[in-house]
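Here the structure of chain A is known, so what remains is to put chain B with the ligands in place on it, guided by the hints.
Residue numbers (the UniProt record's numbering), protein chains in the order written: chain A, 1 to 283; chain B, 1 to 272.
No lab work stands behind these hints: they were computed from the structure.
Careful, some of the hints might be misleading.
Chain B stretches covered by chain A per the calculated footprint, using a threshold of three residues with CB under 8 angstroms from any CB of chain A [stated by the list, open to error]:
hint, segment
1, 165-174
2, 177-183
3, 189-203
Being a predicted model, the structure only gives us computed values, none of them experimental.
Every residue, glycine too, gets a C-beta built ideally from N, C-alpha and C.
Okay, here's what each chain looks like letter by letter:
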Amino acid sequence: MTVLAMASRDAPKAAVEPPAASLRGVTRHYRFPGGGKTLHALGPIDLDLRQGEFFSVVGPSGCGKSTLLDVLAGLNPPSEGTASFEGKPIAGVPDGIGVVFQEDASFPWLTVEANVAFGLKRAGIGQAEIERRVDYAVGFMGLRDFRQSYPAQLSGGMRQRVCIARTLVLQPRLILLDEPFGALDQQTRLIMGDELLRLWRETRATVLLITHSLDEAAMLADRVGVMSARPGLFIDVIETGWSKDRDSRIVADPRFGEMTGRIWEKLRAETMKHMQTQGAGPR
Amino acid sequence: MASKAMASNTVASKTLPSQTLPGGALRNIVPPIVLALVLILCWQGLHLATASGAISSPAATLARLVVLMGSSRFWLDVAETGTAFLWALALSIVLGIGLGVVLAWLRPVGEVMEPILVTFYSLPKVTLYPLVLLIFGLGMPAKVAFGIMHGLVPITLLTRNAISQLKPVYLRTAKVMRLSAFEAVRSVVLPAIIPELVAGIRIGFSLSLLGVLIGEMFASKRGLGFTAVNAMGLGDLDTIMAIGLFLALFAVLANGGLLSLERAIRHRSAGR
Ligand SMILES: Nc1ncnc2c1ncn2[C@@H]1O[C@H](COP(=O)(O)OP(=O)(O)OP(=O)(O)O)[C@@H](O)[C@H]1O
Ligand SMILES: [Mg+2]
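Here chain B stands alone, though its shape is the one from the complex:
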């Protein structure tokens, strides 16, 4: 036992000095950093290429973002958008999973509904905005509704798909154990489709955020989307770019987090 540990120790220290723990961490961090640098260079290039600052430089954007982040108005906007987004995401997840389960359960209904949902989803949703405004008026509910319009369908379809691909023997096992329908969903169906659900939530996450922001541009007097549109009216390019940068950083970080969660789940249950 001890000699084995020693042997593996010496092997590690002899041949792989740089590939122990810090090396592994480096390997995970380096590609994103390189990618970020390349993106910043492209951005700078675009800034130089476009005439008279149609695109702000990275430095100017960053400076503007720092100023913005020092103002309380900005954080009010973030809170406003964040609240709408969290509501939209939570409702998209709950309704999407619920609807997905129902559509998978009632297979004929699901088969009819699937193409309808896909068609609805491929529709430019801008065309529906007047309708949403008519129903909800200006303000938070309309913004949340826009978010749900974008986030709900992908989560529903992914959930339904994951359930219909479920191994039938899992459901038969649930039946033999005499589980109620509710118990079967809770303790067999949901855990079985968790990796797909997390993937669906990841996609729904980005889309709900997009929906809320677009909603704010049309249907609100507050929030980051509104402030961006307002800045556009004033020709304040740096502010638009700064808000964009802020949102992009947030989306990339959240997406990365959800992606590693998804990988961890898949790895545990399906990987070898």
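Next up, chain A with everything else stripped away, as it sits in the complex:
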């Protein structure tokens, strides 16, 4: 097993296993500055993330996907309802959750290597172990030649990979990814998707991936949650039924086209409602 793999949880995935994270009646309202009016951004949402599943979220821009992620990460308390992680209510950021944000969050004052090691250093992990994990993650993310570079010398996609590596080395049990491949072209996206799947299999972490790409959602996920326009609700949760050792070659499978078709059908009406087109048009 690799250094990124976690302590084994060998129990077979069974229906009785408690969910990794769960949301019950979660809503989020934002206050407009000044006035007493509020913006209903999200919910009510009921969602159980199964232990070790790969869950994708798609939805029109501004529907509350990042807000949902913030609630799960404990960065943003829900206005109503409850959120819990591993059975405990989420208050503040729980231990065991890793987040890759939508924006570039690489630290420009640190080298790639130091960025990746950032969280480990502060978690009080020994130097040898830090080096092992950083080495592995840097290689995994294809950044080996850039260990000593600063983020300003990297492309946007590479910087996002630095952020992914920085999160992965902490070996989170729940990984939340907000559009991590937004800055990448379609081909690289597919390859990064493969890497993400490999990682997911190795670590047995639960993954929640927010994406604008229907292909990405359909190819990577066990389940795809389709959200409505704001206030975001899950209008459908689609089981893909892929085998666990899938990879990007699945895009050639006729069932794949069927799957993206189904997702798009759900999304089309919502997207038209707000006349907001995403990078996921009909194909």
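Frame of chain A; chain B with the ligands shown alone:
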């Protein structure tokens, strides 16, 4: 590999003989030298233009400075002023950064305090000198206080500003990594704002020095500021000019050093 190196070698030696390393160094040194020469010429011109030596000539000033630098009294003054200045600068930096962090952290407080600080800063600080003398009396503490009065506010405001411009996602990252507030400041906020901090320190540097010197003129019996005022009383123009030249050279060198430090930091982290 080898052929590539050779190729680039021949290109360099053929077309750019003067722009290799010595050329680059020259390009950095020439403008300041030209500027210094122009300034000295202007100075000489002023000396000639003003009647009966109201301004000493560059040569006389330099001669006087050499004499001064040979006397132990001068170095006692330098030590006195230098000590007050270092204290004032160190306290301005520590207090300024600390206050800036607090004002950025407690945003409502910061919003109230900012205009107050700006108003205080635009006040002619001479009006506050009697108050400072009353509190600290004559001597080192009063001088340091004058230095801080000049240096603290710019560092505070620049620090606060730099923090409030910080990308929110950096703080969110710190939160997700479950850093304590102290750790977040130490390992995320401070490194993120270092270029602005160095800029603030550079400005605070000149202003603290100014504050200390003015303080010495009013509130001391020792130091370069006092000696300059004393010389004024004696009509010893050469000494005043020599001290001025000494301070100017020091300030220009220190400023240049801090500026290149600032550039190096910016270049590394933000430049392409
Ligand atoms: N801090 C905030 N204060 C006020 N309103 C906010 C805040 N954060 C988000 N919103 C609002 O909540 C809604 C949902 O925002 P959110 O960022 O969750 O959308 P999203 O689905 O992630 O969009 P995108 O796909 O474009 O990233 C938006 O209308 C946004 O304006
Ligand atoms: Mg978003």
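The hints, checked one at a time:
1. 165-174: Since 5 is at least three, the answer is holds.
2. 177-183: holds (count 4)
3. 189-203: holds (count 3)
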